[in-house]
Amino acid sequence: MKFTKLSMIATFAISSAVAGGDISPFEPKASEPAVSDSSCCAKTKVGGKLTAFYYTDDADGIDMFDKDNSELAFAATLDVTHNFTNNIAMNFSVIGYANTIKRNYTMEDSDNGAFFNVANITANYADTTFVLGRQLLDTPMLGGFDWLLAPGAFEAYTIANNSFENVTLVGSYVRTWRANNTGDNFNELDGDNWTLGAVYDDKTISGNLWYYNVDALNYTQVYVDAGYNFGEFGVAAQYVSTDYDAGDDSDLFAIKATASLGGFDFLAAYSNVSDREAGYVGRDTIYTSSWNTFASDSVGDAFKVEASTKYEELSATMSYAYYEYDQGDDEGHEFDLILEYEVTKCIDANVVYSNTNYGEDDDENALEVFVNYKF
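Those letters in the sequence shown? Residues 0 to 374, per numbering that gives the first Met the number 0, in order.
Don't take every hint at face value.
Claimed, not checked - Below, simulated DMTMM-like cross-link-like pairs (lysine to aspartate or glutamate); rule was C-alpha separation at most 20 Å, straight line:
{"hint": "1", "residue 1": "202", "residue 2": "164"}
{"hint": "2", "residue 1": "101", "residue 2": "183"}
{"hint": "3", "residue 1": "101", "residue 2": "341"}
{"hint": "4", "residue 1": "344", "residue 2": "311"}
{"hint": "5", "residue 1": "66", "residue 2": "108"}
{"hint": "6", "residue 1": "101", "residue 2": "126"}
{"hint": "7", "residue 1": "344", "residue 2": "312"}
{"hint": "8", "residue 1": "66", "residue 2": "363"}
{"hint": "9", "residue 1": "101", "residue 2": "62"}
{"hint": "10", "residue 1": "373", "residue 2": "312"}
{"hint": "11", "residue 1": "202", "residue 2": "183"}
{"hint": "12", "residue 1": "344", "residue 2": "145"}
{"hint": "13", "residue 1": "373", "residue 2": "341"}
{"hint": "14", "residue 1": "48", "residue 2": "311"}
{"hint": "15", "residue 1": "373", "residue 2": "339"}
{"hint": "16", "residue 1": "309", "residue 2": "363"}
{"hint": "17", "residue 1": "48", "residue 2": "347"}
{"hint": "18", "residue 1": "101", "residue 2": "65"}
Unchecked claim - Taking CB as the label site, the calculated pair distances span:
{"hint": "19", "residue 1": "374", "residue 2": "254", "range": "41 to 47 Å"}
{"hint": "20", "residue 1": "326", "residue 2": "59", "range": "26 to 32 Å"}
{"hint": "21", "residue 1": "210", "residue 2": "336", "range": "35 to 41 Å"}
{"hint": "22", "residue 1": "372", "residue 2": "352", "range": "38 to 44 Å"}
{"hint": "23", "residue 1": "260", "residue 2": "227", "range": "15 to 21 Å"}
{"hint": "24", "residue 1": "190", "residue 2": "262", "range": "45 to 51 Å"}
{"hint": "25", "residue 1": "354", "residue 2": "232", "range": "26 to 32 Å"}
{"hint": "26", "residue 1": "329", "residue 2": "374", "range": "20 to 26 Å"}
{"hint": "27", "residue 1": "307", "residue 2": "108", "range": "29 to 35 Å"}
{"hint": "28", "residue 1": "230", "residue 2": "99", "range": "16 to 22 Å"}
Hint data in this document are derived by calculation from the structure and do not stem from the laboratory. This one's a predicted model, so the numbers in the text were calculated from it and none came from an experiment. By construction, the Cβ of each residue, glycine as well, lies at the ideal position given by its N, Cα and C atoms.
Make the full structure from the sequences, and use the hints.
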């Protein structure tokens, strides 16, 4: 599920310097929308993409490619930014979609429809950025990812400051959350839900420190990571402590090593979750997480190995992960093969094959194919 990094279009995104998992880290800063100038208004920028998405699996004993186990949907995304002044802008991203092949459920919770996934006001003053409204968030244990027809999104109030060299300070108060593949269902979160974070990255040493208060899921949490980049090699570690209002608390520890050799990038990671699943909203960024499996849910040991390479316009990633559940009482695994081909600068084609076992008797095979045309 975590193939492409979060879209930076018409949004404000915060990333951990050591993101982990399959979400590629990027610079934590306010971003100008990656769209072209409109010819009719110099202060307005317009862009977007067209997406075709096909999915099939062999769940419930039905063969892959069988119509009862396949889905085909199409979507159009329009991204617009209008600059009122040099410091204040309005951003919105609207998604329209239609399901053509569907089984007992449909993508985005309806045969067809449209909704605003992003709609916010962004203001900049000196080294500080404010974002008010629907937006994409990308923090280590609270965020969405760009999968299926539209990224997961939030209604939130965010402030970020870059006054200190190599440091970003972030705070977000979150009102609602739209999970991936749920249409226009921005669900209101009970209580107070907020996060404060500090991100450091000087290209050699990186680190994150985040605090989460998630009343909607009855926990508070501390997240910390640190990494060192030796050039062709790197090491990093994560620690997550989740304090639940009732029952057992959770401690998660993870380490990873990365290397670049002969045109290939390699990763080896290990994690352990004790007593109870680690809390997260939307998705986690634990080093051992995979396309379908979040390591935060794996109570016990987990490890992952991964290799990736790029040849001209073709990028390929292959990984295998092992997961324990219920403190080792059950075992699961996941194998992923991810291919991305850049047909042109505007068109990319992607194929994802996964074989996943969630600690049950049978494996589940799945194939996803999606093509994007960006304009």
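Structure-based check of each hint:
Distance restraint check for residue 202 and residue 164: the Cα-Cα separation of roughly 12 Å lies within the 20 Å cut-off, and the hinted pair is therefore satisfied. With a C-alpha separation of about 19 Å, the suggested pairing of residue 101 with residue 183 holds against the 20 Å cut-off. For the proposed pair residue 101 and residue 341, the alpha carbon gap of about 28 Å is over 20 Å, so the pair is violated. Pair hint residue 344 plus residue 311 holds up; C-alpha atoms about 13 Å apart against a cutoff of 20 Å.
A distance of roughly 18 Å separates the Cα atoms of residue 66 and residue 108; the hinted pair therefore holds under the 20 Å criterion. A threshold of 20 Å between alpha carbons decides the hint, and for residue 101 with residue 126 the separation of about 48 Å lies outside it, so the pair is violated. Among the hinted pairs, residue 344 with residue 312 is consistent with the structure: their alpha-carbon atoms are about 10 Å apart, no more than 20 Å. This hinted pair checks out: residue 66 and residue 363 have alpha carbons roughly 17 Å apart, not beyond 20 Å.
Note on residue 101 and residue 62: the hinted pairing holds, with a Cα-Cα distance of about 15 Å set against a maximum of 20 Å. For the hint pairing residue 373 with residue 312, the CA-to-CA distance comes to about 16 Å; that is within 20 Å, so the pair holds. Restraint check: the Cα-Cα separation between residue 202 and residue 183 comes to about 39 Å, which exceeds 20 Å; the hinted pair is violated. Pair hint residue 344 plus residue 145 holds up; C-alpha atoms about 19 Å apart against a cutoff of 20 Å.
Between the alpha carbons of residue 373 and residue 341 the distance comes to roughly 12 Å, so the proposed pair stays at or under 20 Å and holds. Straight-line distance between C-alpha atoms of residue 48 and residue 311 comes to about 23 Å, which puts the hinted pair past the 20 Å bound. Taking the CA atoms of residue 373 and residue 339, the gap is about 15 Å. The hint holds against a cut of 20 Å. The suggested pairing of residue 309 with residue 363 is violated, with an alpha-carbon distance near 28 Å, which exceeds 20 Å.
This hinted pair checks out: residue 48 and residue 347 have alpha carbons roughly 11 Å apart, not beyond 20 Å. For the proposed pair residue 101 and residue 65, the alpha carbon gap of about 11 Å is at most 20 Å, so the pair holds. Evaluation of the 41 to 47 Å hint for residue 374 and residue 254 yields a pass: the beta carbon distance comes to about 42 Å. For residue 326 and residue 59, the hinted distance range of 26 to 32 Å is satisfied, since their beta carbons lie about 29 Å from each other.
Distance hint check: the CB atoms of residue 210 and residue 336 are about 37 Å apart, consistent with the given range 35 to 41 Å. Our hint of 38 to 44 Å for residue 372 and residue 352 is violated, since their Cβ atoms are close to 23 Å apart. Look at residue 260 against residue 227: about 18 Å separates their beta carbons, and that is inside 15 to 21 Å. A hinted range of 45 to 51 Å holds for the C-beta pair residue 190 and residue 262, which are about 50 Å apart.
Distance hint check for residue 354 and residue 232: the Cβ-Cβ separation is about 30 Å, which falls inside the suggested range of 26 to 32 Å. In this structure, residue 329 and residue 374 break the distance hint of 20 to 26 Å, their C-beta atoms being roughly 47 Å apart. Distance hint check for residue 307 and residue 108: the Cβ-Cβ separation is about 33 Å, which falls inside the suggested range of 29 to 35 Å. Between residue 230 and residue 99 the beta carbons are some 48 Å apart, a value that contradicts the proposed interval 16 to 22 Å.
This entry does not satisfy hints 3, 6, 11, 14, 16, 22, 26, 28, going by the numbered hints stated previously.
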